[in-house]
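J.: Those protein sequences? They're chains A and B, same order as listed. The first sequence begins at 1 in my numbering and counts up one residue at a time. The second sequence begins at 1 in my numbering and counts up one residue at a time.
Be aware that one or more of the hints could be misleading.
Below, a sample of chain A positions facing chain B; criterion: calculated Cβ distance under 10 Å [as the list claims (entries may be wrong)]:
#, residue
1, R24
2, F27
3, A31
4, P35
5, A39
6, R43
7, W44
8, D46
9, R48
10, V70
11, Y338
Label-pair restraints from in silico Cβ distances [unchecked claim]:
#, chain 1, residue 1, chain 2, residue 2, range
12, B, I331, A, L140, 56 to 64 Å
13, B, D184, A, V147, 36 to 44 Å
14, B, D184, A, G298, 46 to 54 Å
15, A, E172, B, G51, 40 to 48 Å
16, A, D20, B, S135, 26 to 34 Å
Please keep in mind that the hints were generated in silico from the structure rather than gathered at the bench. Glycine is no exception: its CB is placed at the ideal position from the N, C-alpha and C atoms.
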Amino acid sequence: MRLKNSSDTHFVDAFGQALDDLFRLDFPFVATEAPEYAATKFRWLDERWNGGSIDSLGVYAYFPWRRTIVHLPDRDTFQRLRTARNKNLVTEQEQAQMYGATVGIAGLSVGLSALNSLVLAGAAGSLRIGDHDVLSIANLNRLPASVCDVGVPKTEIAERRIYDLDPFAEVEVFDQGLADDNLDRFLRGLNVFVEEMDDIYLKIASRFAARRLGVPVVMATDNGDNSFVDVERYDLEPEYPIFHGRVSESILQSCPRNPSLREKVRLADAIVGRDITPRMQQSLQAVGTRLPAWPQLGNAATLSGVAVSYTVRRIVCGEEMASGRYPISMDYSLDRTYSRSNSVALRKKQTAEFSKSFDVLFGADNE
Amino acid sequence: MNNSDRAIEQAINDALLAASLAPSAHNTQPWAYIREGNLIRVLRSIERTLGVGDPTTREACLSIGMFIKCFELSIADSGYSAEVTVPFSLVADLEVAFIEVTGDPSGTSPGNPDPSHLLDVLQRRQTNRGLYEPSEDVEWLDGWKCQSEDVELFSFTTDDDKSMLADLVGQGVRLALSLPAMRDELASLVHWKSEPFEIGMPLEAMSGIEEINVAAPKAFLASADPKSEELALAERYRSAPVIVVLSTVRDDPQSWIETGRECARILLRAAQDNLAHCIAAGPIEIPTLAPLVRAATGSELRPQLLFRVGRPLESNFSVKSPRIPWRELEIAEGHLA
């Protein structure tokens, strides 16, 4: 078969272009400028790749949203090539563990960023993704998407991103998002559940289901430019309290399907806590009056995605990753004034004021 | 089993014994095999491939080439033929060669009239890391014809040439002994000759020191000074009658095995004259030194093996190296992974 570019279909010979890289992977000790390079490579091509005539080898993948056909090597070779530069920061065994994992991601705002980092890393050869929403312009401050995709379901944008990076990935799509009647189907058999949904009821219900099924939950939450990661190891600790026990389980269990604003805010407050950045505190107080929704930055979404990907890797590779909350602070690392005593004192004062205002607006937590 | 079966069985067993006596990198004996009737599947042993000193598996493949050549010579001595196939393989591949034993020796005797002769030569073959007699005549190396078209031999007998290569050998050992991981790996391979062991080297033959009441690895680490070893080894290479470099057109496991086969022919020819040898991996394996060896050969071919041959002057550097009994080299198919 000889494929040519035509006016409506584009052809990319990724396999042919990869042969040099593949040889370098098999023979890293033969420098391209070495006199033996050509003869060694010639024999390798002859023995491994049909003398370089590879038209009938590998696979041809069609990307309808790009109207593009790409010639690729087989799955193992592709995977080896695509993750070659991970070595030995990620060992071969870890890479296999990562790619062998099934990861579910629900909520594709921060979730899309997490998915992007995970798939880039060559983790999660098998994915389940869930979101009911479509892309809007207001998402484009934090989602790696395009204005061309406005109105497209976020699951479809996620799918395209996955297949763009790994056409061999197995993806199961829940384009209506998660719901009571599909939670178990989404969660069963997952190695890790990445929970990034906005819906407070589903955040709670999915955790009860994950705990029942022994699936670990990872969630990253934006906090200004920063983030924090919550890890709940229901695979290792079947009795571990939901949300680390920050809210009593009887209150969580009684959360209605459509909680009132007050119920929603109070639960979110209990889950997140009040140790958030001053601008986050100010913004939260303006939600519903001067702001339409909880603010989220692209920096934080990207940072959260990286943090989730890192956390998932540690879990699937069997490294220590205990239940708990892990703050990741750009402010702490990069703002030299952040830890100065006057800054700390100011934040403490602001947090106390925020707390007071919050309680006035939404009722004290122990009311 | 009829007489003919018994004869071929005996020939194969003899050949496996002969092969097991082949030289190898630091006496690691990185070979193993699976036997299927008259077919021997030759494998590289992962656990006996050096982790630090042999990052590409070149040293293991060179050793396996020598294993194969010793097998071939023994089979020929028994009057059979061994058809050796060295397929293309990658560094990660474990199955690196096949040997099919064929022929009926009755009536024809293409082999050596005295089958014990080869074993005798094999057992006389010796590594010696000490000084050699400089005036030894090694004319038989002139015009040596390599059996593989991929392999070429370069021999150096002038003082200038030997001095240049000896310096590289010295630098190689200095660099190797300066690397903590390499020192630890080498230390893990040394023993006192009075100790029972199957792989590795007696420290007495490596360093010329006498046994003391300290574990051999510890004694090695205490005594292996990079600079003094550099000077000593360079001097020993300089004094050898000849330094040989085997180079290849390609640089892959197939070429390494072919080089090992060629090397075994040379070393056994030397053993016939009771000459010893000493192989230096440093200048081949250290990326900054290999181009200098290549330049010394005046050829574009990739140097794969560098060694000296000669009549040893210091018998304390020559100690019989122990072996894994050949029957224990056989592995079950299921263990291949």
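J.: Using Cβ atoms only, decide whether V70(A) comes closer than 10 Å to chain B, and label the hint accordingly.
T.: violated (26 Å)
J.: Using the C-beta atoms of E172(A) and G51(B), is the stated range 40 to 48 Å upheld?
T.: Taking Cβ atoms as reference, E172(A) and G51(B) lie about 41 Å apart, which means the hint holds.
J.: Has the hinted range 36 to 44 Å been met by the Cβ atoms of D184(B) and V147(A)?
T.: Violated - the Cβ-Cβ distance for D184(B) and V147(A), about 58 Å, lies outside 36 to 44 Å.
J.: Regarding the hint that R43(A) lies at the interface with chain B, is the smallest CB-CB distance below 10 Å?
T.: holds (6 Å)
J.: Under the criterion of a CB-CB separation shorter than 10 Å, is A39(A) in contact with chain B as hinted?
T.: Check passed: Cβ of A39(A) comes within 5 Å of chain B, closer than 10 Å.
J.: Next item in the hint list is D46(A). Is there a CB on chain B closer than 10 Å to its CB?
T.: holds (8 Å)
J.: Given a cut of 10 Å on the nearest C-beta pair, is the interface hint for A31(A) held or broken against chain B?
T.: It holds, given that the least Cβ distance between A31(A) and chain B is near 9 Å, below 10 Å.
J.: Holds or violated: the 26 to 34 Å window for the beta-carbon distance between D20(A) and S135(B)?
T.: violated (51 Å)
J.: Under the criterion of a CB-CB separation shorter than 10 Å, is Y338(A) in contact with chain B as hinted?
T.: violated (40 Å)
J.: Could one say that the CB atoms of I331(B) and L140(A) fall in the range 56 to 64 Å?
T.: holds (60 Å)
J.: Please check whether D184(B) and G298(A) have a Cβ separation lying inside 46 to 54 Å.
T.: Given about 48 Å between the Cβ atoms, the range holds.
J.: Using Cβ atoms only, decide whether P35(A) comes closer than 10 Å to chain B, and label the hint accordingly.
T.: Where the cut-off is 10 Å and the nearest Cβ of chain B is about 4 Å from P35(A), the hint holds.
In this structure, the hints that do not hold are numbers 1, 10, 11, 13 and 16, in rising order.
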